[in-house]
Structure formats: C-alpha cells, structure tokens
Amino acid sequence: MRISLFITCYNDTLFPETGRAVVRLLERLGVEVEFRPGQTCCGQMHANTGFRSEAFSQAKRLVRLYADAEAVVIPSSSCVAMIRDQYSGLFEELGDEALRKEFAALVPRVYELSEFLVDKLGAEDVGAYFPHRVTYHASCHGLRALQLGERPFRLLSKVRGLDLVPLENLDRCCGFGGTFSVKNAEVSSAMLTVKLENVLATGAEFCTALDNSCLMHLGGAMHRQYAGMKTIHMAQILASTQEHPAEVLG
Amino acid sequence: MSAGAEHEVIDHPILDPALAPPFPVAALPVLRNPQLRMNVAHAIDVIQAKRARLVAEKQDWQELRSAASRIKDEALENLGFYLEQFEARCTAAGGTVHWAADAADARKIILEILREEKADEVIKIKTMTSAEIQLNPYLEANGVRAYETDLAEIILQLGEGEPSHIVVPALHVNRSQVREIFARRMGIENLSDEPEALTAAARNYLRQKFLSVPTAISGANFLIAETGSVAVVESEGNGRMCLTLPRTMITLAGIEKVLPRFADLEVMLQLLARSATGERMNPYTSLWTGVTPGDGPQKFHVILLDNGRSSILARKTERQTLRCIRCAACMNACPVYRQTGGHAYGSVYPGPIGAILTPQLEQMRHAQSLPYASSLCGACFEVCPVKINIPEVLLELRARVTDQERKQVLRFFDPLYIGLRVANLIFSRARLFHLAQWAGQIGLGFFTRRDGWIHTLPGIGAKWTQTRDLRGLPKQTFHEWWAARRKESK
Numbered sequence: 001m002r003i004s005l006f007i008t009c010y011n012d013t014l015f016p017e018t019g020r021a022v023v024r025l026l027e028r029l030g031v032e033v034e035f036r037p038g039q040t041c042c043g044q045m046h047a048n049t050g051f052r053s054e055a056f057s058q059a060k061r062l063v064r065l066y067a068d069a070e071a072v073v074i075p076s077s078s079c080v081a082m083i084r085d086q087y088s089g090l091f092e093e094l095g096d097e098a099l100r101k102e103f104a105a106l107v108p109r110v111y112e113l114s115e116f117l118v119d120k121l122g123a124e125d126v127g128a129y130f131p132h133r134v135t136y137h138a139s140c141h142g143l144r145a146l147q148l149g150e151r152p153f154r155l156l157s158k159v160r161g162l163d164l165v166p167l168e169n170l171d172r173c174c175g176f177g178g179t180f181s182v183k184n185a186e187v188s189s190a191m192l193t194v195k196l197e198n199v200l201a202t203g204a205e206f207c208t209a210l211d212n213s214c215l216m217h218l219g220g221a222m223h224r225q226y227a228g229m230k231t232i233h234m235a236q237i238l239a240s241t242q243e244h245p246a247e248v249l250g
Numbered sequence: 001m002s003a004g005a006e007h008e009v010i011d012h013p014i015l016d017p018a019l020a021p022p023f024p025v026a027a028l029p030v031l032r033n034p035q036l037r038m039n040v041a042h043a044i045d046v047i048q049a050k051r052a053r054l055v056a057e058k059q060d061w062q063e064l065r066s067a068a069s070r071i072k073d074e075a076l077e078n079l080g081f082y083l084e085q086f087e088a089r090c091t092a093a094g095g096t097v098h099w100a101a102d103a104a105d106a107r108k109i110i111l112e113i114l115r116e117e118k119a120d121e122v123i124k125i126k127t128m129t130s131a132e133i134q135l136n137p138y139l140e141a142n143g144v145r146a147y148e149t150d151l152a153e154i155i156l157q158l159g160e161g162e163p164s165h166i167v168v169p170a171l172h173v174n175r176s177q178v179r180e181i182f183a184r185r186m187g188i189e190n191l192s193d194e195p196e197a198l199t200a201a202a203r204n205y206l207r208q209k210f211l212s213v214p215t216a217i218s219g220a221n222f223l224i225a226e227t228g229s230v231a232v233v234e235s236e237g238n239g240r241m242c243l244t245l246p247r248t249m250i251t252l253a254g255i256e257k258v259l260p261r262f263a264d265l266e267v268m269l270q271l272l273a274r275s276a277t278g279e280r281m282n283p284y285t286s287l288w289t290g291v292t293p294g295d296g297p298q299k300f301h302v303i304l305l306d307n308g309r310s311s312i313l314a315r316k317t318e319r320q321t322l323r324c325i326r327c328a329a330c331m332n333a334c335p336v337y338r339q340t341g342g343h344a345y346g347s348v349y350p351g352p353i354g355a356i357l358t359p360q361l362e363q364m365r366h367a368q369s370l371p372y373a374s375s376l377c378g379a380c381f382e383v384c385p386v387k388i389n390i391p392e393v394l395l396e397l398r399a400r401v402t403d404q405e406r407k408q409v410l411r412f413f414d415p416l417y418i419g420l421r422v423a424n425l426i427f428s429r430a431r432l433f434h435l436a437q438w439a440g441q442i443g444l445g446f447f448t449r450r451d452g453w454i455h456t457l458p459g460i461g462a463k464w465t466q467t468r469d470l471r472g473l474p475k476q477t478f479h480e481w482w483a484a485r486r487k488e489s490k
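Protein chains in written order, with the working numbering: chain A, 1 to 250; chain B, 1 to 490.
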C-alpha cells in the first residue's frame, strides 16, 4: 500500500511534528508514504470566509495534484470535511465536467488518518506506548461531518500505558471556527473559556484530537493561562513507542 | 469592533436588522453579563436535556426528519398551488384571505381590519411573525393598544424587554426578575417569586383582557391547503382563549407555513413538540377552519405574508431555509447562542436559523454580519427536525456577502481581505508558499519570546492574542524535513 500524505498548509508550517509522526506511524505499519512537494492548501479558509473563487482554484489544484494517487491520507478532519462536503458544490458552480469527474474518482480514496487506520488498514492496535493521562476532544468536523464515531476511542484504548479520561460535553465546539476566531474574537473566546473548563476538569496531562486547528486554539489558551496541560495531535500519540517517545514541543 | 466599541453599545437591545449593530459588537454586553449568561445557559440546558430524552425514545426519529423535510419541500416546490388551494378552501369555509407582499402591506391590512371593527384594543397570541413586521409599535402609533397574552410575551411587554428566543422569548429573564416586573407593573405588593404565584398574577391580569377585548391577532404554526385550516400549538392555553373568545380573529402567517395535507400534521406535530419544548405532545393544539356559526370568532381573516420569502424560494441552496417550523432546536444546540443569547443577533429571529433567515428576509441589505456568527460546528443541522443544512446555507450567504463587499473600495484595505488575497496568491504555487513560510518565520520571529511562544501580535493578529498565545513557527517546516530525510536516505 502506497499513500500520498497531504499534510495541509498549517500543519506544514506550524505543526511539522504531526507530519513526522504520521510518516513514522504509517511506515511502522508497513505503508509506503510519499509526499508531493507541490501541495499547499485545501481552500477551507477561503471557502469558509466566503471567498469562493479563491477556494475553487485551490480545490482544483488539489484534485489535479492527487489525481493519480492510490490513496490520500490527511491528518486534519476539517480539511477532509472541506474536500468531501464543499468540493463538489464548488466544482458544480465554477468547474467543468472533466474536473467533476476527476474529483468523483478521487474522493473515495481520500482518508482522514483515523479512517485510514481503522477502515482501510483494519488496525486498531498500532503498537503505541504513551504512558500519560489523556482526554480526547472530538473536533466538530470529525464528529459531525466525518462521523468518526468510535474510531478515535478504539485507537486510543489500545495504546499501552494510556489512561483515557472522558471529556464532558464532548460534542461542544471549542470556538475556533477558522476566521471566526478573529472575526468574532470575543464570542470565540467565551466559547473557548467554557470548553476549557471541561477540558481542564479531566485532570489530564494531554488533550488530543485529530485536528490541530482546535488544538492550536485550546493549546493557545492553556499556554496563556499556565494551565499545566498540553495539546498533542493523536498521530503523535499513535506514533509514540518506548524507543521513540512522542515529540512534545512547547 | 475595537476595544472601545464595547462601551458604545447601548443598553436596550435593538431587534431591527436595519438599525442593529453588527453581531460581534452586539454580543459584547451579553458576554460581560453574568446573570444573562447564566439564565440563558440554564434555560437551554433544561430544554436540551428534555429534548434529548424524548428524541432518544423515538425509534423512527431519522425517518420522521426525512418525512418532514420531504413534506416541506413538496409544499415549497408547489407553493403557489398550495397557497391558492388554502385560499379557496378557507374562503369557502367563511374566512377572508389577504395577500401581503411586505411588512408595510401586512401592517396596513391589519390596521384596516381593526378600523372596520372599530377596535382600539387587540389581544395577541404569541406570534414572531408580527414581531418581524414590527406590528405592535405600528398599532400603538395608530391608536390601537396590543395586549400580549403569552406568559413570556407579557413579561417582555410589561418589562419593556425584547424577545431573545423564538419559542421561549423571555428565556433570558429569570423568575426573580419576573417577580419584580409583575409587582411593579401590576401593582401587587408582597408578590412571591414562586411559579404558582407568578402565573396566578398573570392569569388575573389576562382574564380581564380575554373577557373584554373582542378582537385577536395570532400567528400560525401550519396552514393546511387541503382543508383550509389553521393550526396553532402552544403550552399555556392562553392562545386557546384568544382563539375562541373574541368576535374577530386575524391570523398573520408567512407563506412558507403551508402544508399540503391534513395528515402531514401527524409528522410535523411529533417533531415540533419534541424539538421545541421537549414534550411528547404540546399541551394545546388548536385547529380551526374558517368560521363556525355560534362557535368561536364569527369573522376570520388570514394574511399571507411574503416579505422576502419568495426571493429565498428562488435560490437553490437557500430555499431549504423556508422548511423551518420555528422549533428553535438549533438555537438551543448552538454553542454561539449559548454564550450570546438572542439579542446579539439584532433580529426577532436569533440563533443559527436567524443567522440565515434574517439577512435573506432583508434581501442581503442588512445583517451581513450574521452569516459569520457561527463556528460552523454543525450542531444546528444535527438537531434540525426538517433537516435544514444551516452550515451549508451560512457558507452560501458568506459568499454573497463577500461578493458584495469585494466591490467596496474601503474593503480593499481591510486587513482580512488583504490577508486572504495574499494567501490565495501564496497557495497558488508551492514555491510562493514556501517563500511565505520563510518570511513568516522571520517576521513572527520578532514577536516570539524565548519560550518559543507568541504572546502579543499587532493588527488583526491581536484578535487572536487577546485571549490566546500562539506557538512560534518551528525552524523547519514539514516539507523541509521530508526533503532532508530523502537526501539522507539516498
């Protein structure tokens, strides 16, 4: 099995350790990983802010770039949701028949990381070791758009040494919402405060998720408040072993 | 939206989209009001818990949702046909049907009927549609006093407040505040804040109105094309009083309220009560068809209100907005509404449905900040009993707002617009993207502290750093790591 990793623009720039972990994890599971250097962004930021023609050109770029990939794995649930929920509408409005066909052929081969592990590889125990108390934040796009359901819990429950603490109000948004966090900064912060109460009440050392954008939001507040908890993308937990413990930055 | 704006917000909420401040500004006084936030969160938690329990017991909940959205779509796709059928059947049963193109039309028609009746007072059943057309102040200015009879509406009318929710409009008021309003306005000394005492006070106040005012105004939950009937659902029985005691009844209904068949109520009523108040069945469901000699009002008028609805109907993605049955489940589920309550939306329709309905009713001339008043978390779509994909409509409206704003000269210098235009250029070529990452490392390096974190940023970045830190950019991007690793292994 050979997969193409779409790392996403913000992971490439801000969270390279997540990408490194995905590579290590998948290679350990016998998957061949390739990375196409021409990749940039899926267009989510533009589409969600109303910049449709810009989002379209980025979407078109992405579909062309991965047209011949065996599978595309993306460690960001909101970017996968962007591709699945918004691309066809954009292509219908602004694209041509050829592009729509190319996309229709590609989209069944696009996977969010936990989908790829559980559905495609059939792997729940990925041989990870992470001896820490952890709580899982179900990012809205993973929860509702991708319907990830039990997948992340099954993966985490098989990690040796990991003590999984349930998070109250799991289905409630952290308030990030992309440009919402600056366009409605005060409301976003109020949502963050309420979410953080639940997250901190778990008494966990780490809050994990399958989307670094929520973690950037939660982690930014934790750091500001000296909260004594850190955020970590689930790929880094799943890549972690006794010999190669997770890279935890910041 | 600068920090200074926080102090410019006036105390009394404005629910006129043409005059209300933008959402981020209107939200500020609520965010700073602990009592308001506690009242809203508490009320929502109670309704949400009841709803969740009753939805869970329905094995066929998803099938019901699908059936309801199909029924509404059928009605909307053949709206002209079903409205005319309703008109014919209602007229045959002794009712009079009026068509109002906009709010001004509807207000004028209602006033003319009231003048004909020589009415200087009118009792009202809770109707958000009458709030949409700003009926009460208009009647007041024309010498007709309107008395609200829904408990929550009485609280707001006597307390000179504004509705903050479409099902429980006084959700932001707690019972000690209700006690204060009733004691002051009804002149009752030693009124306790026990629910029994408060409802008894309201009952005394209302009975006089029911027995003395012969004209009433209602909204409608559903119009039935097949039979020409009108349905109103409520919890208190005050609506039933308004519907049976007066001589003349005036019903104001948006054109999207029509259902093809009487049997469609079977689906709708199951969904509505559970979604709205967390009840298996709402306590009072009133249904009537025209007039019945010797029983109930002897004159009956229906005003079918367009007021922007047919322009919503004309648009493919936005059309689903008109499926709404006004249950308010979306606002109860919304994490944004939970923090801000309803007044921040500057409209009688708050929450996620208000965020899509209001700007469309305003023909995108006002309320352009509302489509952005959402983190797109999707909780609204998940609970919607008629499956309105609210996030999808929000995105559509954001695109329309952006297309409007793009043409404005001032927006050219808006930091968000500059940022997004530059980002688009950057994302068009990997080389440019990598160059921008390099520039970003240098630029943000000036703001990065020794601990590797950014605590303050200028300009639009300050919107982030006002409450959160940002990790400084790592020295090596992922693609650089990948390239270095490939080199090593060769």
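FYI, nobody ran anything at the bench for these hints, they're computed from the structure. Take these hints with a grain of salt, some might be off.
To be verified - According to the in silico footprint, chain B covers these stretches of chain A (three or more CB under 8 Å from chain B):
no. : segment
1   : 118-132
2   : 228-242
Unchecked claim - Derived pair list, reagent style DSS-like, types lysine-lysine, alpha-carbon separation capped at 30 Å:
no. : chain 1 : residue 1 : chain 2 : residue 2
3   : B       : LYS387    : B       : LYS58
4   : A       : LYS230    : B       : LYS299
5   : A       : LYS60     : B       : LYS316
6   : B       : LYS407    : A       : LYS60
7   : B       : LYS316    : A       : LYS101
8   : A       : LYS101    : B       : LYS475
Idealized CB from N, CA, C, for every residue including glycine.
Going through the hints against the structure:
1. 118-132: With 0 residues close enough to chain B, the hint is violated.
2. 228-242: Three-residue rule not met by the segment 228-242 of chain A, so violated; n is 0.
3. LYS387(B) - LYS58(B): holds, 17 Å
4. LYS230(A) - LYS299(B): Distance ~68 Å between LYS230(A) and LYS299(B) Cα, so the pair is violated.
5. LYS60(A) - LYS316(B): holds, 23 Å
6. LYS407(B) - LYS60(A): holds, 25 Å
7. LYS316(B) - LYS101(A): Distance of about 22 Å is within 30 Å: holds.
8. LYS101(A) - LYS475(B): Violated - the C-alpha atoms of LYS475(B) and LYS101(A) are around 40 Å apart, more than 30 Å.
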